[in-house]
Each structure stands twice: as structure tokens, then as C-alpha cells.
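Chemist: In terms of the working numbering, the sequence shown is residues 1 to 233.
Some hints here could point you the wrong way.
Distance condition first, Cα-Cα at most 30 Å in a straight line; then the derived DSSO-like pairs of lysine-lysine [what the hints assert, rightly or not]:
#1 K204 <-> K44
#2 K89 <-> K203
#3 K178 <-> K104
#4 K122 <-> K204
#5 K204 <-> K178
#6 K44 <-> K89
#7 K232 <-> K203
#8 K204 <-> K232
#9 K204 <-> K89
#10 K155 <-> K204
#11 K72 <-> K232
#12 K89 <-> K118
#13 K233 <-> K118
#14 K203 <-> K233
#15 K104 <-> K232
#16 K233 <-> K204
#17 K104 <-> K89
#18 K89 <-> K122
#19 K44 <-> K104
FRET-style restraints, in silico, Cβ to Cβ [what the hints assert, rightly or not]:
#20 M101 <-> Q193: 32 to 38 Å
#21 R107 <-> K204: 45 to 51 Å
#22 K118 <-> R138: 16 to 22 Å
#23 R107 <-> V198: 46 to 52 Å
#24 K118 <-> R92: 30 to 36 Å
#25 D58 <-> R138: 46 to 52 Å
None of these hints come from the bench; they were simulated from the model.
Source: prediction; values computed, not measured.
All residues carry an ideal CB built from backbone N, CA and C; glycine is no exception.
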Amino acid sequence: MANEIIYNPHVSVDCVVFGFDGERMKVLLIERNITEQNELYNDKKLPGSIILADEDLDDAASRVLNELTGLKNIYLSQFRSFGSPDRTKDPRDVLWLENTMQLKIGRIVTVAYVALVKIDRKIQVRQGDTRPTWVELRELAEMNLAFDHAEIISKGLDHIRHRMDIEPHLLFELLPRKFTISQLRTLYDTVHQTRSDVRNFQKKVAQWNYVVPLDEMEENVPHRAARLYRYKK
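Throw the hints in and build the complete structure from the sequences for me.
Modeler: Here you go:
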């Protein structure tokens with residue numbers, strides 16, 4: 001058939017999408033519900049799937065992310081491949097994928113992509129057995145994630161941290177257009193897994209000529225209003 005969709009059951013893409021809500025850094029996950037032996041099993045996974053047989057990897061990542069979350073025009077950066085034979089050692093993961101794709105699945109190599117988005121981007125809520133949800137990074141340690149997705153997220157954060165050391169402007173991809181120094185410090189500390197001294201961080205920011213103070217203050221906040229800043233490209 002001319003329009004038959006043919007998949008490659010040995011290669012997949014997974015998208016690590018980080019966001020920041022002004023207080024906490026989060027990662028976008030897909031919640032899935034699996035019925036096994038008449039019992040409902042629930043866990044989370046990265047937005048990802050196997051690729052089409054004739055599909056470019058970058059195109060596959062964009063397609064899969066859009067299909068599962070509704071996100072479009074997101075810059076996805078390929079950062080690493082994961083191919084350990086143990087990635088599919090949990091038979092539940094393989095069975096779920098086989099049932100979903102209607103294909104026999106063997107060992108899968110996945111190509112991982114990372115993206116930074118403002119968390120106010122519209123996420124499309126899907127019906128059925130999967131739906132996208134934002135999850136705080138600090139909650140991941142207590143979660144049961146599919147496949148080796150906990151490792152992929154950890155390596156994705158390492159990649160972002162390294163890139164931000166080289167390209168500091170990437171930090172501002174996660175902040176609102178107008179932000180406070182406290183929001184910037186919280187995000188900086190989360191990415192770098194540190195705890196900055198407030199005064200020292202303010203001195204550091206004062207040396208960044210691309211962080212511009214505004215003649216505006218926070219509004220409608222339950223605490224003392226802080227000055228707002230913006231990033232100057």
C-alpha cells in the first residue's frame with residue numbers, strides 16, 4: 001500500500017523538555033496507564049516513540065513531541081544516544097510498546113533530544129491511556145519511570161548545565177520576559193545543583209551587562225515586591 005506507515009522497531013527518539021515555573025524547574029513527562037492482569041499500573045515516561053523507517057531523526061523528534069504533547073516549533077538539540085541491552089529489561093515496558101505500536105519490539109537504541117521552554121507553553125492534554133504533565137525535578141527520585149528515562153533525564157540536565165556554562169543566555173530561555181533576581185538565582189542553583197549566597201549572587205549578576213534592571217516592581221505578591229529585570233540579547 002502506498003500510504004502504509006512502516007516503523008523502525010529498533011530505533012526510537014526521546015525528548016527531555018525542561019521548563020521553569022518561576023519557583024521550580026520541571027521536566028515534561030507522559031503519564032501512562034497500563035492494565036496488567038486486570039490491575040491498573042501507572043507510571044511516567046519521556047515523550048518518545050520509535051521512528052518511521054524513512055524518517056530523519058530530527059524530524060522524528062519533532063513529530064513525536066508534537067503528537068504526544070501538542071508542542072510545535074520547539075528547538076530540540078540532540079545530545080546523546082542510549083543503547084544498553086538492559087534498557088528494555090522490564091518486560092512491562094516492551095509489552096506496552098508492542099501493544100501500542102502493534103509491532104514486535106526487540107532491543108531499542110534511543111536518540112535523546114533536549115529542549116528548554118517557558119512553562120506557560122500550551123500543552124495538549126490527550127485522552128486515553130497517556131497524557132502529558134509537568135513534574136518537578138526533585139520529585140523524580142521517588143518516581144517509577146519507564147525504561148532508562150531517569151538516566152536520560154539526568155544526562156540531559158548535565159548537558160544543559162554544560163551548555164549554559166558556555167552559553168549563559170540559554171538560562172533566560174526558561175525565565176519569563178520580566179523576572180526577579182530571586183527567580184534567576186533559583187533557576188541558576190537548580191541547573192547547577194548548588195546553593196548560592198544571596199549577596200554574592202547579586203554581585204555576580206551586577207557584572208552581567210545583559211541583565212537589565214527595570215523601573216518596575218512585582219505586583220500582587222504576598223511578600224515585599226522585588227524589582228523586575230529583563231534579558232538584553
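Chemist: Now, for every hint given, state plainly whether the structure supports it.
Modeler: A quick look at each hint next to the structure:
1. K204 <-> K44: violated, 38 Å
2. K89 <-> K203: Outside the cut-off at roughly 49 Å; violated.
3. K178 <-> K104: Violated: K178 and K104 sit about 50 Å apart, past 30 Å.
4. K122 <-> K204: Distance of about 34 Å is beyond 30 Å: violated.
5. K204 <-> K178: Given pair K204, K178 holds - Cα atoms ~19 Å apart, limit 30 Å.
6. K44 <-> K89: holds, 17 Å
7. K232 <-> K203: It holds: about 18 Å lies between the C-alpha atoms, which stays within 30 Å.
8. K204 <-> K232: It holds: about 16 Å lies between the C-alpha atoms, which stays within 30 Å.
9. K204 <-> K89: Violated. K204 to K89 sits at ~47 Å, over the 30 Å cutoff.
10. K155 <-> K204: holds, 27 Å
11. K72 <-> K232: holds, 25 Å
12. K89 <-> K118: Violated. K89 to K118 sits at ~35 Å, over the 30 Å cutoff.
13. K233 <-> K118: holds, 17 Å
14. K203 <-> K233: Cα-Cα ~20 Å, so holds.
15. K104 <-> K232: At roughly 51 Å apart (the allowed maximum being 30 Å), K232 and K104 break the hint.
16. K233 <-> K204: Given pair K233, K204 holds - Cα atoms ~18 Å apart, limit 30 Å.
17. K104 <-> K89: Holds: K104 and K89 sit about 15 Å apart, inside 30 Å.
18. K89 <-> K122: violated, 34 Å
19. K44 <-> K104: holds, 22 Å
20. M101 <-> Q193: 32 to 38 Å: Because 36 Å falls inside the window, the suggested range holds.
21. R107 <-> K204: 45 to 51 Å: 46 Å Cβ-Cβ, so the 45 to 51 Å window holds.
22. K118 <-> R138: 16 to 22 Å: holds, 20 Å
23. R107 <-> V198: 46 to 52 Å: holds, 49 Å
24. K118 <-> R92: 30 to 36 Å: Distance hint for K118, R92 holds at roughly 34 Å.
25. D58 <-> R138: 46 to 52 Å: Violated, at about 31 Å.
Against the hints set out earlier in the document, violations occur for numbers 1, 2, 3, 4, 9, 12, 15, 18, 25.
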